[in-house]
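> Chains as they are written, first to last, in my numbering: chain A, 1 to 279; chain C, 1001 to 1309.
FYI, nobody ran anything at the bench for these hints, they're computed from the structure.
There's no promise every hint is true.
Mimicking DSS-like on lysine-lysine, the simulated pairs with C-alpha atoms at most 27 Å apart in a straight line are [claimed, not checked]:
id, chain 1, residue 1, chain 2, residue 2
1, C, Lys-1103, A, Lys-8
2, C, Lys-1221, C, Lys-1103
3, A, Lys-8, C, Lys-1221
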Amino acid sequence: MDRALRRKIANQAFVVICTGAALVALAALALIMFSLLTKGVGGVDLMLFTADTPAPDSPGGLRNAIIGSILMCGVAMMIAVVIGVLAGTWLAEIGGNTPYGHVVRFLNDVLLSAPSILIGLFVYWWVVVPMGGFSGWAGAIALGILATPIVTRTTEDILNLQPNALREAGMALGASQWVTVRSIIWKAAGAGMLTGGLLGFARISGETAPLLFTALNNQFLSFDMSKPFASLPGAIYPFAMSPYETWNTLAWAGALLITLAVLGVNILGRWLARDKDHK
Amino acid sequence: MSLQSARHPDPVDPIFRGLAFAAATTLLLTLGGLIVALMIGGWPAISKFGFGFLTSSTWNPVTEVYGAAGPIVGTLITAVLSLAIALPIAVCVSVFLTQYCPKQIAQPVSTAIELLAGIPSIVYGMWGLFVFAPWFARTVQLPILTSLDPESFWGKLLAGVPNGANIFTASIVLAIMILPYMSAVFRELFRSIPPQVREAAFGLGCTSYEVVGSVLIPYVKKGMIGVVMLGFGRALGETMAVTFIIGNSHRFPDSLFASGSTLASTIANEFNEASGVHLASLIALGLVLFLITFTVLAIARALLSSQRY
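Let the hints inform the model, and build the full structure from the sequences given.
This is the structure in structure tokens:
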């Protein structure tokens, strides 16, 4: 066989393999989404939002879990936005180029990909044990620690994209660094920072592992975050593992809810970021 | 905006800088606190079992003897196997999307893949438990079990209870889970290559296979290894997708189709029922997991220092 032909065949084979692999990958992912939709939609009805998690083999919904998830994620995002925006601003505007800045940036990147179950252990040791029990606060802190590195990183990246002329303009007007950052830089970077927050929110809303031994779970509707607290992932996990069909159905419905919420928030974040690019 | 003169500096400024510095330091303290918590919490187990904790595969809550070898090996096998499955497919997907696919299709498909990378891992775990494991047991495991001689090499490698909950299926679910993430970042890497590089290679008469294999992939090699390490880090520490399907037994894994456990799945499963040495052993498992993932992530970040994903 001559060389040209061999190269041609190798090339054709490569194209076929790549296309085939792409189709297999997309098919696998489509299959998962299909299972989620078909099994999840059956459990979605009005009761899902109005009733609390039931005993086995009796009707019920996920109201307490949905409310619990929203509350915990809300508190977590407050923690993450305050610490993340300040830390990201420090990295971009103040100390990012010092040796200490490099260390912080590296550790933030490590924290960003650290296994979430380890964050759960961390919060168990420093919050659950001293406070004497599982609580919604502990769950919120664990989720907050997971979201903080994401907010830090996007804040730093977005602030670095702002032209130096903005900073010089602030300085030329005699504004202090605080006023320059608050009134000029943060304002210009607002949409991008919001996207970072949304990405962080999307990441933590489906996290299960860190909640297992921080917030635990609660069968009833509760607004007292100093007690064990319900969450959607915390309800899905035992329900999916159980042999009861009604619980399994609820687990699928809950998984569908979380997935739709995560997708929705991600799409919103992208849309905000895109809007910014076109301006 | 208030005007400030150099002689009367804004009193808020030092407070702002101090708070920002404190926030940055919080990140450092979190990681430090994590290490301290894992070391103190795991100390009773480490001091009791010593180095044998890492090499023993006994995990017995009744006799209070714990060894981490089973979960450690289970973690490494599932992570390596899932990477071996996901890596070639992810490369192919990203090559297909950047080189062969028409633009009108490539854009929506890429967006879809990026969105799928954000799906919570518990969804992948549930799909593995309810859909994939039963299917795998019926159509793959049973026929293999009945047709292979149990004493042969393959028979031993593929022996196990045919319920679909085993190390192999856990690895496949993990692979599907890290696939969108790796494909999306590989695609970004390929797109970051200046078009002139690709055009120059075509200009020399390369086929598209040669362009990708000999020019484009070597061009982003460092970044790719970094991404592979990041994917590996994810697979090592993933909890929910694995806990659902690996079968959760602590024996030393001797067959691909046998149930096993990983460091993360053992912690997730037993933590709430544990106390005393059992609890300390679970925290020590966390310390082992931290050391492994920290090493992997540090290498990944060092390789990706110029690009950040």
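> Indicate, hint by hint, whether the structure satisfies it.
Results of checking the hints against the structure:
A hinted pair counts as satisfied when its Cα atoms are at most 27 Å apart, and C:Lys-1103 with A:Lys-8 qualifies at roughly 24 Å. About 25 Å separates the Cα atoms of C:Lys-1221 and C:Lys-1103, which keeps this hinted pair within 27 Å; it holds. Annotation: proposed proximity of A:Lys-8 to C:Lys-1221 holds, straight-line Cα distance about 25 Å (limit 27 Å).
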